[in-house]
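Asker: Chains as they are written, first to last, in the numbering used here: chain A, 1 to 293; chain B, 1001 to 1293; chain C, 2001 to 2293; chain D, 3001 to 3293.
Calculated from the structure, these hints are not laboratory results.
Certain hints may be false.
Derived SDA-like pairs: lysine to any residue, alpha-carbon spacing no greater than 20 Å straight-line [said to hold, decoys possible]:
{"#": "1", "chain 1": "D", "residue 1": "K3100", "chain 2": "D", "residue 2": "R3251"}
{"#": "2", "chain 1": "D", "residue 1": "K3215", "chain 2": "C", "residue 2": "A2210"}
{"#": "3", "chain 1": "C", "residue 1": "K2002", "chain 2": "C", "residue 2": "A2022"}
{"#": "4", "chain 1": "D", "residue 1": "K3238", "chain 2": "B", "residue 2": "D1248"}
{"#": "5", "chain 1": "A", "residue 1": "K238", "chain 2": "A", "residue 2": "P122"}
{"#": "6", "chain 1": "B", "residue 1": "K1238", "chain 2": "D", "residue 2": "R3251"}
{"#": "7", "chain 1": "D", "residue 1": "K3100", "chain 2": "D", "residue 2": "D3248"}
{"#": "8", "chain 1": "C", "residue 1": "K2129", "chain 2": "D", "residue 2": "M3203"}
{"#": "9", "chain 1": "C", "residue 1": "K2215", "chain 2": "D", "residue 2": "T3207"}
{"#": "10", "chain 1": "D", "residue 1": "K3002", "chain 2": "D", "residue 2": "A3047"}
{"#": "11", "chain 1": "C", "residue 1": "K2129", "chain 2": "D", "residue 2": "A3210"}
{"#": "12", "chain 1": "D", "residue 1": "K3215", "chain 2": "C", "residue 2": "A2154"}
Away from chain D, derived, C-beta distances all over 10 Å, residues of chain B [as the list claims (entries may be wrong)]:
{"#": "13", "residue": "I1020"}
{"#": "14", "residue": "L1074"}
{"#": "15", "residue": "D1080"}
{"#": "16", "residue": "A1097"}
{"#": "17", "residue": "N1137"}
{"#": "18", "residue": "R1145"}
{"#": "19", "residue": "I1155"}
{"#": "20", "residue": "R1225"}
{"#": "21", "residue": "D1248"}
{"#": "22", "residue": "R1251"}
{"#": "23", "residue": "P1253"}
{"#": "24", "residue": "L1254"}
{"#": "25", "residue": "R1261"}
{"#": "26", "residue": "L1265"}
{"#": "27", "residue": "N1289"}
For each residue, glycine too, the CB sits at the ideal point set by N, CA and C.
Number of protein chains: 4
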Amino acid sequence: MKVGFIGLGAMGSAMASNLISAGHAVTVWNRSPEAAEPLVSLGAKFARTADRAAQGDAVLSMLANDQAVRDVMLDGGLLDAMDPGTVHVNHATISVALAKELAQAHADRGLAYVAAPVFGRPDVAAAGKLNMLVAGNPGVISRIRPLLDAMAAAIWPMGEEPTHANVVKIAGNFMLGAAIESMAEAGALVEAHGVSPADFLGMLTQTLFAAPAYKVYAPLIAGQRFKPAGFALPLGYKDISLALAAGDAARVPLPFASVLRDSLLETLAQGDPEVDWSAMSQTARRRANLTAT
Amino acid sequence: MKVGFIGLGAMGSAMASNLISAGHAVTVWNRSPEAAEPLVSLGAKFARTADRAAQGDAVLSMLANDQAVRDVMLDGGLLDAMDPGTVHVNHATISVALAKELAQAHADRGLAYVAAPVFGRPDVAAAGKLNMLVAGNPGVISRIRPLLDAMAAAIWPMGEEPTHANVVKIAGNFMLGAAIESMAEAGALVEAHGVSPADFLGMLTQTLFAAPAYKVYAPLIAGQRFKPAGFALPLGYKDISLALAAGDAARVPLPFASVLRDSLLETLAQGDPEVDWSAMSQTARRRANLTAT
Amino acid sequence: MKVGFIGLGAMGSAMASNLISAGHAVTVWNRSPEAAEPLVSLGAKFARTADRAAQGDAVLSMLANDQAVRDVMLDGGLLDAMDPGTVHVNHATISVALAKELAQAHADRGLAYVAAPVFGRPDVAAAGKLNMLVAGNPGVISRIRPLLDAMAAAIWPMGEEPTHANVVKIAGNFMLGAAIESMAEAGALVEAHGVSPADFLGMLTQTLFAAPAYKVYAPLIAGQRFKPAGFALPLGYKDISLALAAGDAARVPLPFASVLRDSLLETLAQGDPEVDWSAMSQTARRRANLTAT
Amino acid sequence: MKVGFIGLGAMGSAMASNLISAGHAVTVWNRSPEAAEPLVSLGAKFARTADRAAQGDAVLSMLANDQAVRDVMLDGGLLDAMDPGTVHVNHATISVALAKELAQAHADRGLAYVAAPVFGRPDVAAAGKLNMLVAGNPGVISRIRPLLDAMAAAIWPMGEEPTHANVVKIAGNFMLGAAIESMAEAGALVEAHGVSPADFLGMLTQTLFAAPAYKVYAPLIAGQRFKPAGFALPLGYKDISLALAAGDAARVPLPFASVLRDSLLETLAQGDPEVDWSAMSQTARRRANLTAT
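Using the sequences and the hints given, assemble the complete structure.
Answerer: Right, here's the structure in full:
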């Protein structure tokens, strides 16, 4: 298929490269054009402007946050420039409020729109093994399905309402944050009683909690290794803020998310934004006055 | 081996029956003697008093809570009556404070003591598939190892200090509670936005959260099925209280445990103590004014 | 003095009427012009456009929230239209972010700017007994001091940085919310133990807590009288959100504000936005399953 | 009247001295007898055993905590030794559970019992200006009223059920703790934005929060002066634990008390138990990474 890809951060670049590998004709665009070079060397065409990438069968976008999506899609005029025959697949993790606004903006212009946020870090994206949530018109989705299959290990349909995929992504990230905080607190508790957090979390991640969410973060927490960040602290804070905002919009109190917000904020106050968000486990240790290893 | 088993609730009975099946000579005792009948029919001997079960190679106990352990072991005089050649293996989930007191009481009397709390519900115990935490003297543990193997899928050594196994059990149950609360809150969030909690939790328990802790509770939460209780609400409340008490003893703030305490307390205030502790998910829904299905 | 007044809600109208009573020449403007009528009958001039009220010695504004301030002052072009000889006194409770933006916008245009948020409900404003926080250039403040004295029982200088007065107002409202929540929880606690909340709060508001913050809300909480709202629930929720946003901007975790947010959100979820924000005390009672009186 | 006084800490000594000044015949007892000396020099008789102080018209007790009350009254046999003609007035702050047990123990023995916990620090007690909560049989209370009047500025009747006075005292102390935490958080918030906490709290304690609860603690928080402790950190922690236990007994979630518990625990973890409980404000500052003044 003939596709465009907009947003070439670590995630977007990995996803676009899988589209190229699968034989699709890919045109890429990024605000900073240097990021396009490795993909061009793999065979991608380079678009000087975003709207030249938004042509053909579909344009996929993986922009960093609400602001970037708003800048490119709405204020930047990309939606106004698009052809109704081109499907827009939005992979970004965005707020529920913007998700609703975007869904409406596409509908107003008669554009086909699919929300397809993903779970997985850049290495998972590079391996084409993402878990992808997909919501939108079923006919449209089946048309672009080969593109999704090139990037994902599994496709999880979330209905026809695009916003639903965004809510699920936000709620899932909130659950990830809660898993980290619970390991952080429980780890501090056993450590203060003389038990090695590595032994404790090692046992649990082979038994009751033998799942990726825990297996990824347990060694970081037990080993106090927070750099390089797999998912940086400010991004984690942003995602928990998205969960709280989604709760706000639908009047759903989320006391665990409130605790997470405070733990992440306290971790940010320590002054190093380049750590992984699992560094909030240091905050649990500091509260208990546990000394650094 | 010649062993006694004290405490024949759902867990204890299942564990004792596996000892019998493995060919050990088992003498059982329970405060209410009726509970012994099925085991007697499987070949166990019935002891009229607890101390008659506390003879031979080892006595295993699976009593319900701190009070029961204190009544039988300390105030009831069982430790005073025991032979130093008989190893005491304590499977109960008890407070850190009592765990320390018990370890000291055994040491004072020259008794061999192993703490061996377990993860697993009664059906897991019946299948001999428990995850068992074990702490105590390594020589003693290796002597009684055949008994443990008859009951457990895996044995997780937690060092020589018996109390450590109790702390790990408490911290693990706290993490289970946190998993439930995070599913409860995230489920209410997606539900309020029009997404089925079953779809949401179904996806996550096949991906990031594909682990027993989540797979057991997700269907209960999504289906709002809280009876019969696999783990009753008051027991869950007791276990979170044990975590908070362990945090108190070692000066470790546990904000997630504080939230759990409040959620469980609010659930208890609704008046039905016979529900599973995952009924705290109804509290998350009620706070958001989501109507019953 | 010759002054304009912009924003004629309950608070603004009461404040403007005191300026008229004090003999100042007042020109008023409001988005919905009907609100100006009572003031015109007291002697105010009516301005058809906001900029006609922003002339003379000073223009005072008491707009409802960030959005209204932004609409009128920035997007509506009022600042661009103003004469550098006219001092702008902003009485609104606004976010720290907008406060900073406004301070900069005045500085960029060479306009004299004073932030002067107030504590007090409409009846206090009508009596000219507000507590007014004032921050800005001291020379400018002394020039307009007669205007402030006509509206306030006391003027509390908060330095030269206008934003500081806004932060103090937000932090003070947060403390008010915390006072309400603490009465709500403590009241539910004593009620559940058979003590009348009225007796309990009556005693405390004559002793340790004999202060306006408590004396105003204790009878509402004890009597469960939440209508008409002195300060409506959505406004209280907005103010706690401003405190959390201010904490966010400066990296200050505020666990009490997080609890307040959840309590207010849960109260909003019950569906009646026209109650006073002290109706969050009903949420404390409902959590404990206390039946309505 | 002929009265005994048991428990001569800072509070008890001050209260007993006022009874002596008022002309009552006072016999005193304390576990460490040295504490009795200043009172003997004022004219008190010294009792070698507690039961010799528990004779005459009334015996008043001001013991430190549950354990001390239990040791002296129940396990120590004082209640068993008492004459039914002697009224017991219990001034201690104790748990609801012990309060109920004590009320029953007196009833079982036909003893007259009045619960009379107090608000006020030692200097207030010395001045005879305590606020005293009183619950019990009205006839009994009126008989001993002259004793109470010698110690208190005001007597607050809380009905016939002694436990009610204890619940009110616990709930009141919880509200005090909440006042401190709200000043701590709000103070950290304004400080992080460049406003002096002293200016901020100074303004509020002259206006909305002009009450003893705030006036006592605001200068300690703003000045970071936590020694000598007016009310020591471990006592504050104990009192918040009593509030949580009272909530537990009646199924009342208290999210503010949970936050307080965590803040106090984190403050205790810093290692200096001799600070005032308002030192929890340092915890709010440390979380925000505000440097020491």
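Asker: Out of the numbered hints, which ones does the structure contradict?
Answerer: 21, 22, 23, 24, 25, 26
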